[in-house]
Amino acid sequence: MSFSIGGASGGLGPRQAIESFGESVDGRPFDPRIVSRLMGYLVPYRLHMAASVALMLLSAALTLMAPYIIKVAIDENIATGDTTGLLRSGALLTVVLVLVCACSAVQHYLLSWVGQRVLADLRSLLVHHLQELSLGYHDTHIVGVTLSRVIHDVSVINELLSQGLVTLLGDSAMLIGTIAVMLSMSPRLALLTFCVLPLMALATLVFARRAQVAFRYTRVRIAAVVGDLAENLSGMRVIQAFAQENASRERFEEVNRENRDALIGALSLSYAFLPAVELLGMAATCVVLWFGGQAVLRGELTLGVVVAFLAYVSRFFDPIRELSQVYATMQAAMAGGERVLHLLDWKPDVVDAADAEQMPAIEGRIELRNVSFAYRDGPPVLQGVDLIIDPGQTVALVGPTGAGKTTIANLIARLYEPTDGAVLIDGHDVRSVTQRSLRRQIGLVPQEPFLFTGTVADNVRFGHPDASDEEVVAATRLANAHDFVSALPQGYNTRVLEGSANLSLGQRQLLCIARAVLADPRVLILDEATSSVDTVTESLIQAALRNLLHDRTAVVIAHRLSTVLHADQICVVHQGRIVERGRHEELMALGGLYRQLCSQQLLESESAP
Amino acid sequence: MVDEASAARLRESASTRSLLRSLTYLRPYRRQVVGACLALVATNVIAILAPQFIRWIVDRGIGQKDQHLLGLSVLSLIMVAFLKGVLTFAHGHWMEVASQSVAYDLRNALHRQLSTLSFSYHDRAETGEILSRAIEDVDRIRFVTGRAFLRLIDGGLLVLGTTAVLIWMNPSLALLSLCVVPLLGWRALYFGRRLRPLSLAIQAQLAVLTTRLEQNLRGARIVKAFAQEMREAERFERENECWFALSERSVRLNAVNGPLLDWIASMGAVFVIVFGGYLVIHDRLTLGELVAFSTYLSQLIQPVRRLGMIVPALALASASGQRVFEILDTVSDVSEAPDARHLPRIEGQVRFEHVSFAYFGRMRVLEDVSFEARPGQVVALLGATGSGKSTVINLIPRFYDPTAGRILIDGQDIRGVSLSTLRDQIGIVLQETVLFASTVRENIAFGRPGASQQEIEAAAVAAQAAEFIREMPDGYDTRVGERGVTLSGGQRQRLAIARALLKDPRILILDDATSSVDSDTEHLIQIALQRLMQGRTSFVIAQRLSTLRTADCILLLERGRLVACGTHNELIRTSGSYAELYTRQLRPEVPGPGVSGRAAGTTGEDGQEE
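Line by line, the protein sequences give chains A and B.
So for the first sequence, our numbering puts the first residue at 1; every next one is plus one.
So for the second sequence, our numbering puts the first residue at 1; every next one is plus one.
The hints are simulated quantities; they were obtained by calculation from the structure and are not laboratory data.
Beta carbons are placed, not taken as given, at the ideal position from N, Cα and C, and that holds for glycine.
Errors might be hidden in some of the hints.
[To be verified] In silico contact screen, one side only, chain B against chain A (beta carbon under 8 Å); selected entries:
1) T88
2) L287
3) F446
4) M472
[Claimed, not checked] According to the in silico footprint, chain B covers these stretches of chain A (three or more CB under 8 Å from chain B):
5) 86 to 94
6) 173 to 187
7) 338 to 349
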């Protein structure tokens with residue numbers, strides 16, 4: 001029932017992330033709504049695109065000319081023994097081929113350039129959008145999934161926009177051109193050759209259907225392999241501790257085998273399809289040879305026409321084969337496009353008002369006025385909370401897990417907005433000022449001590465990038481982290497590894513405190529900031545913080561009562577309400593929930609000698 | 001310069017070695033490989049002979065007006081084409097079976113290796129890195145042992161065969177038309193060489209982008225709280241532009257070289273038409289031969305181009321091979337002695353004799369620690385963060401081996417007994433609880449997969465977990481972990497206690513920290529832990545006073561050294577550091593008078609509950 005923010009995304013790992021993008025490659029092959037919106041991203045590059053299409057048509061036309069020139073060379077030059085004519089044809093062919101090379105080089109460059117540019121643009125757009133989305137989005141979405149939107153889905157769209165559409169256009173043009181040329185050279189032979197087409201269409205259709213199913217299945221299977229392996233890796237200590245290596249190995253071998261078999265099945269399908277297309281191509285060649293040959297025998301056709309037809313037939317089937325691949329790309333791109341657009345359409349819950357002002361330097365008076373809050377469609381977390389914190393005061397929030405303490409802290413920093421009521425700082429409604437000017441003056445030490453990969457110094461400097469080395473050291477000293485940081489192999493330049501694996505939970509918390517201290521906030525929020533630090537260190541930090549907090553407002557959330565004893569005001573939060581408030585002695589005297597919490601925790605230590 | 005050259009040679013030989021080693025994984029599937037190769041040779045023979053048929057048809061059938069021959073050859077052509085199709089499928093399928101099986105074997109081998117590597121490996125390894133090796137790198141190796149392998153043979157055979165036939169048909173025309181082939185090969189190779197470092201750089205930059213964004217998303221709360229959105233977006237944009245610049249270079253390279261290769265290839269056809277046509281005019285060549293010639297040439301172009309493209313793939317695969325084999329070749333710090341004995345059911349006596357330990361051979365964590373725990377005793381470990389408490393408990397189940405000294409259980413050096421019989425008798429409950437994505441039942445029975453429902457329920461009851469499990473939607477069949485019900489920290493901890501209880505270990509290792517749960521839950525966990533410790537030798541990382549007061553022995557650690565050892569009452573008198581720690585850390589500042597009276601009263605209640 002915990003609403004902790006880190007936990008919502010942190011608890012879900014690679015398995016879910018991968019499966020949820022693996023299973024949904026199931027869109028319609030063509031959705032005009034999505035395509036037209038995606039095409040919108042091509043608009044800035046319309047000149048590039050137009051030039052590219054023109055060049056493509058040009059190079060298609062030139063490519064089609066080549067077999068015709070060869071036909072002329074055979075029928076008119078070689079057959080008649082015209083050596084100069086032959087040389088002329090050869091020169092012409094060379095020129096045409098050079099032009100084809102030049103056209104397609106420029107066309108490829110333009111097209112791929114636009115593709116990569118759009119890719120970069122989309123990624124940048126998505127990242128900017130993600131920065132604006134409020135925590136409501138980040139709580140409910142798994143990091144891996146969002147990541148795959150920006151990295152994976154976007155590149156699929158690129159494939160569609162640049163390669164897919166142009167292949168579609170180019171191949172269709174090529175196909176129509178080929179048909180036209182063949183019909184003009186010999187309508188009868190052309191029509192006979194086209195008899196193979198329906199068979200080809202049928203084969204492609206059957207294959208595309210089955211391949212789609214088979215390849216979708218392989219994606220699910222590889223996701224299972226990744227998921228199982230990822231889980232085993234994160235649970236490796238438990239597996240070894242319980243001596244369950246064999247059981248986990250057997251499980252892995254099974255998902256691994258399923259993946260292998262699925263892949264063999266799917267790929268064998270394409271090994272069957274390609275020879276089938278080739279066979280049909282050969283059948284068309286046979287048709288040309290048989291009927292064309294007989295026509296030559298009867299003197300109705302020249303040999304050159306037959307040779308040219310043979311060349312056209314081979315050009316005829318390549319586009320068809322490629323079009324069947326474009327179909328698969330299209331389908332993946334539609335699904336990817338839909339997901340990316342969905343993300344772009346996601347509206348942030350917290351936005352700066354149109355007339356938002358800069359928050360002036362904060363004095364530190366915080367007021368919650370009849371605040372209620374519920375997470376997206378969830379049950380109410382806070383109900384009618386009233387709270388006034390005077391400048392320079394330290395307020396402690398205590399209460400059972402899930403009572404709503406973290407939510408109160410989040411509302412003060414406007415990481416969420418109350419569903420009802422208002423949060424005021426120095427009399428300004430936090431909704432009336434810009435988020436940036438507000439949060440720059442609030443320091444937060446979160447429940448989950450998150451550090452970025454990068455050096456220790458980078459992390460401490462996070463909220464105040466221009467801080468000098470001396471300031472970094474001073475903040476770190478204050479958080480009692482200087483000793484252990486100095487003992488690290490590279491001191492402040494030690495890199496924090498992925499998942500902060502090279503630092504203990506307590507050390508991470510200390511660095512988070514240093515980070516908040518360096519940002520020099522007017523309001524400091526400590527959410528279980530020292531829960532994993534040993535009590536000696538904790539008391540040292542508290543002493544240091546007391547100096548720091550002298551003229552600043554602080555909100556402290558804690559389970560350890562030793563942490564909250566000195567607070568100016570203690571609020572007991574229970575089921576979304578503040579049920580008791582006052583100083584420690586007052587609440588003890590009251591004999592309510594606070595006293596009960598205290599006695600549970602203090603009973604053993606108090607009776608010590 | 002010399003050093004650079006020899007280093008390059010060394011790299012070269014290492015990458016060749018890793019490629020060859022990848023190929024050895026095909027050995028169990030040699031039947032498929034041989035079958036695929038035979039089918040490949042057959043398809044190549046057909047590919048080389050088919051143009052001869054067409055030549056026949058043109059020269060004899062059409063040229064000499066032999067309708068019978070025309071029919072016959074067309075019929076044979078289609079039959080041969082069918083045969084070729086079947087053979088193409090056969091070699092594709094067999095090779096796929098072989099190479100997918102190589103990937104399967106490699107992944108199994110990786111999994112097996114990872115589960116035998118000790119904690120010191122997993123401490124340093126990054127999950128994402130291992131995953132990418134097991135998935136992507138293995139896939140690249142699969143490509144080399146499958147399609148690339150086949151294409152190499154295919155291309156080689158076709159080039160040799162076609163060249164032979166062309167020379168046989170007309171040596172001078174053959175030489176003229178084939179002069180483009182070396183040019184094509186050289187250009188393709190050059191292209192591959194230039195493209196390879198670029199593709200690697202693009203991949204690396206994409207990984208940078210991914211990491212940057214992943215960090216940004218994981219730390220979304222921090223980014224927002226410190227108002228650093230703009231700076232984060234700008235940093236991403238910089239990396240993104242860097243990626244685009246690299247991509248643009250690769251786009252240019254591709255755009256120029258692809259059409260250029262096509263052009264070189266088609267120039268061969270131009271030579272054939274012009275020079276061949278000249279020969280036909282002078283009756284030194286038939287028209288059919290000319291047609292056959294151009295057919296051969298067009299057949300040759302694709303494989304040669306593809307050979308050029310395979311070179312970068314080979315380079316990638318050899319790098320992948322090195323990464324995969326690096327894991328497979330890692331020697332575990334902790335391994336079973338060849339003559340490891342079966343450890344019978346232990347009494348529970350644990351002895352440390354002058355044990356020292358250093359992580360990665362450098363950072364000294366423990367120095368000369370000696371102590372003894374008698375069967376059934378509760379040993380509390382006390383010390384500041386980083387004093388070596390966790391190392392002591394990690395050494396007992398041999399998650400690491402000491403760098404000096406030895407550990408004895410019931411008088412036997414634990415390095416002499418089999419790992420599974422040792423770890424089977426040790427139960428561990430730590431603060432950060434790992435549950436697996438399966439049902440509650442399977443998680444509790446993790447250490448004893450055959451346990452009955454009664455046993456599982458009994459363990460859950462003893463661990464104070466039965467109540468919340470009953471309230472879950474499917475009771476013991478509720479899925480937890482990823483994709484399942486989200487459990488609170490306290491609930492996870494109680495499941496872990498149940499899991500350890502069911503195993504009925506002789507030695508117990510636990511962390512009694514419950515800092516992240518509320519007091520009610522903490523109380524429940526305390527009761528469960530007390531039950532778990534009964535009758536077993538227990539090692540507890542102490543966070544609370546009650547543990548210290550009831551412990552049979554307290555080990556006080558300071559910077560890796562054992563500075564004091566004894567019961568609470570002894571230490572409070574004899575050890576200055578303990579007394580200091582006790583007054584500063586454990587005894588809370590005396591709050592208002594209201595507490596003491598009440599607290600004294602509740603101690604009694606607590607005592608009854610225990």
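List of violated hint numbers, smallest to largest: Checked against the structure, the hints that fail are numbers 4, 6 and 7, while the rest are satisfied.
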